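Model the full assembly from the supplied sequences, consistent with the hints where possible.
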Amino acid sequence: MGMDFSTLRTLISRYCVGEENWVDSRTIYIGHKEPPSGTEAFIQQRYPDNRIVSSKYTFWNFIPKNMFEQFRRIANFYFLIIFLIQLIIDTPTSPITSGLPLFFVITVTAIKQGYEDWLRHKADNSVNQCPVHVVQHGKVVRKQSRKLRVGDVVSVKEDETFPCDLILLSTSREDGTCFVTTASLDGESSHKTYYAVQDTRAYNTEKEVDSIHATIECEQPQPDLYKFVGRINIYMDNEPVARPLGSENLLLRGATLKNTEYIYAVAIYTGMETKMALNYQSKSQKRSAVEKSMNAYLVVYLCILIGKSIINTIMKYAWQADTNRDEPWYNHRTVSERERHILIRAFTDFLAFMVLFNYIIPVSMYVTVEMQKFLGSYFIMWDDEMFDEELGERAVVNTSDLNEELGQVEYVFTDKTGTLTENNMEFIECCVDGHVYVPNIICNGQVMTGAGMDMIDTSPGPGAREHEELFFRALCLCHTVQVKEEETVDGIKQGIHQGKSTSFYISSSPDEVALVEGMKRLGFTFLRLKDSHMEILNREDEIERFELLEVLTFDSVRRRMSVIVRSSTGELYLFCKGADSSIFPRVISGKVEQIKARVEHNAVEGLRTLCVAYRPLSPEQYQEVCDLLNGAKLALQDRDRQLAEAYDLIEKDLILLGATAVEDRLQDKAADTIESLHKAGMKVWVLTGDKMETAAATCYASKLFRRNTQILELTTKRTEEQSLHDVLFDLSRTVLRQHGGMTRDTFSSLSGDCTDYGLIIDGATLSAVMRPAQEDSNSGNYKEIFLEICRNCSAVLCCRMAPLQKAQIVKLIKASKEHPITLAIGDGANDVSMILEAHVGIGIMGKEGRQAVRNSDYAIPKFKHLKKMLLVHGHYYYIRISELVQYFFYKNVCFIFPQFLYQFFCGFSQQPLYDTAYLTLYNISFTSLPILLYSLIEQHINMDILKKDPSLYRDIAKNSLLRWRNFIYWTVLGVYDAVVMFFGAYFLFDNTTFTSNGQLMTTNTQMMFGNWTFGTLVFTVLVFTVTFKLALDTHYWTWINHFIIWGSLIFFVIFSLLWGGIIWPFLNYQRMYYVFMQMLSSGPAWLSIILLITASLVPDVVKKVIWRALWPTTTERIQRVRDKREFERALAYHSSDSLLDDVAVTET
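Under this note's numbering, the first residue of the sequence shown is numbered 1, with each subsequent residue one higher.
Hints in this document: simulated from the structure, not taken from any laboratory. Warning: the hint list may mix true and false statements.
[Unchecked claim] In silico BS3-like cross-links for lysine-lysine, where the CA-CA straight-line distance does not exceed 30 Å:
#, residue 1, residue 2
1, LYS139, LYS258
2, LYS814, LYS227
3, LYS679, LYS703
4, LYS286, LYS65
5, LYS596, LYS783
Since we're looking at a predicted model, the values are computed, not measured.
Spelled out as structure tokens, the structure:
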């Protein structure tokens, strides 16, 4: 009973009274086994399964959720209201004229978005259904990943990816360690070491692992990849033994097992609670700047529509104030109409005018835009220049809604590892005592110090050979590299074959591998570390053994590492390598100036440099070092500080040996791409989880930072010396003193006269900057100061970033007062958050899985393809859709404004000016195809010029073609054309006479006088004018353009002839019969149509000529040069033809 009461007490305290920390922790029962009786209550908690969801819709919520999102669009909602009004009241036009286009738009959009989400479901299923191996009842059982539960013991083999977040129990290695690459999480492809729980690492079989009886208490899921706190209670003889758990025991979903045959681990976080999933941003509907402009214009046109309807309603009742006009003899009202209240009648008339003028809101524009985006996206997928033969992959478009946004990007946020770089470090050279050694120049195993080498000092000093070999030995010994033996096909491991190693190297630092491999090419081969002894093979093929006594590990504050070794002859050495800034101050001898000059030369070339030094130790000195280190390691308080002080005392009085240069190989044309983006006016930020030194070297190599760039550091190291407040204000004063309060955009063209600043910030400092200001502190809001500094820097590097911090950076820039358009590009799962947060997200088909590609808007094989995607495709997309949007509003103003003017001449009776067929087909057939084709293939400038001159991208920056000034111009032009068409036709009908057979004819044009003839004349001029306007704006002519533009005009003429020339049996009345043919039979009518079209187009042409002559854009200047060259080429061709003709005549 005692146990029962304790259990009850635990339950009451947890669920009723509330323990202080129970909400912040969880208890996991390994293998789902209950704890021994009398120890603790068994409370099985509910956790989510292991499914990953990146899709947006489900089968059940697709229709309501998609409808809600679509009717958030102003135009869609407006046409729904108009459609309902047409159903409810008697209106001048049929409900079909609004309902059918609306239904088509909604259906097409829903199918498109549904298909895109189905692809995401498909990708999710491929992940959720992949097999995992779970230990149950002493046997390994195969399950689908989605069925994995918290508490399951999982078996993972080498090169497999972890299916969820796991606590490591045991491994195939005797020391209980395993090696993991976390490239898809933090971008680092290096091998990291993780440790099994001390008391369970001996359990190496399924049955042994299944016999483990333990519980894990740990924190609830949180997104920090580098933080984990927990403990494991192992029950031995019913007595729990508690062991601490930290991040070194936690294997994260998405990481890959390396150099370890197998591991056993227990699932603690699954599905959307894994740290990787918590770093995902929730998917939201992205809307482009063009779409936002369209919505703003629609609001304006809606106001114009309401204004027109109100004016016409007021004028109607003013007109009908006269009784004779209100009820003429041919149109008496019914009793119910007379009894209806005047306000109800006025409101009904207002709605009727709204329906009559509703065509000013172009619903067909949305259909055309959707088709243009969908069809236009195939140009990216079909682009052969964006095909990668190595991967066999083309560019992919996951979301075509953002095509034009590619032409508006102002900030580019890029990952480093796998995005800018290929993850391949290459040893370039080393410099020993001033002599430069290049690995490739080797003759008979001896390094040639002559031909092909850049010799700084050709006079070798005494002991040069000994120093050279000591340098090579130092690099073979001063590292944390491990050796992995290659395996043959039949599984036989081969270590050393005929005296040469067939192994390859792995390390937590890829440049360490490059250095060791470089030494191998120079004749010194690191063989293995076994039983605390390091073995190297020298040039004479002799194996040298050194006992590894101590490793002084690398850290970002010291920026160096050291080892203490004992040679086979008993000599003691301390070998140290590190950054030049941390080695040179500690050197007491060596050829410092010569080596420093070489280091600076290599740094300018963008190579990663390290300096190497050594110090011989006597036994007494070594004993002092041991005592110093042991005292620091055993300290319980301030252990890190004491270790740092001990390292500082040990690593001194060094003798400089030389320096190395390693290249972190950039992706092909990565530097050229970044340079082009800079010239295009974009700011490039590198956001990486990598170390600051590594990332900074890559930034120099990729030309993000230049030789004259002054680097500003906002890092933990600096904020430890000064307060964050002081550092921020110092940096702010530095950049503003130079720039005088202007942002870089103001003086981008004068950047050569200004200091070029580059900012480096790390994740910890960013967290402090992003933290909200306390009310009682005087620190203020650091975000604004940070943004001001960033605005005045040409490039920014953010290192040691957690995935969610990358998204926070993007969000911070998005929300700044300029509201710039952002683009994020990456290749790993750690980049998914920023890809989802940015306006445009691009995934790279790299080596780090497909999470980034699956969650991106666009995917490209390599970083270099970003250049063409933005500078060419983005430029074209924006130009095309801008013209499409403005043109649609323009042609609808031309279409509806005559209808508004006509009401003043028909007693405001809501009489349509145009026939129903013309009303319905104007936007669907007569004028839709030419603008759709224009928006697909227009090239206002050659794509080769766009690639060669990135500055042309600036011409379209900041949504320049859809600004209010342009919108007003197009609207005024539409009103002008409408006035010319209406009143031009009106004056032709000014004088009328009766013919002998009683018909009313116009004196000027000898046409039948009537409202349908008048409307048809206006409509004919309208169709030809708006089509010719588009033809004048077209720069890139093909046979398709000619076919569609002139074909649409011919179709209009043929349709009008057939519509009015045949008595159609399905029509109740034939009001258009013979109207069009009779109009065309009049010679003056032809002349009038030509004159009206010319009068409509002339002002626009004159304006363009004047503007191009006085204020040409860069694009227009290039167009003028191109046209001039084509003219000269044609002239030269004709001249040569004439010359040949003269020669032929002379010969004859």
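We went through each hint and held it up to the structure:
For the proposed pair LYS139 and LYS258, the alpha carbon gap of about 24 Å is at most 30 Å, so the pair holds. For the suggested pair LYS814 and LYS227, the alpha carbons sit about 28 Å apart, so the restraint of at most 30 Å is met. Restraint check for LYS679 and LYS703: satisfied, since their Cα atoms lie roughly 12 Å apart, inside the 30 Å limit. Taking the CA atoms of LYS286 and LYS65, the gap is about 15 Å. The hint holds against a cut of 30 Å.
At roughly 39 Å between alpha-carbon atoms, LYS596 and LYS783 are farther apart than 30 Å, so this suggested pair is violated.
Violation of the numbered hints given earlier is confined to hint 5; every other hint is satisfied by the structure.
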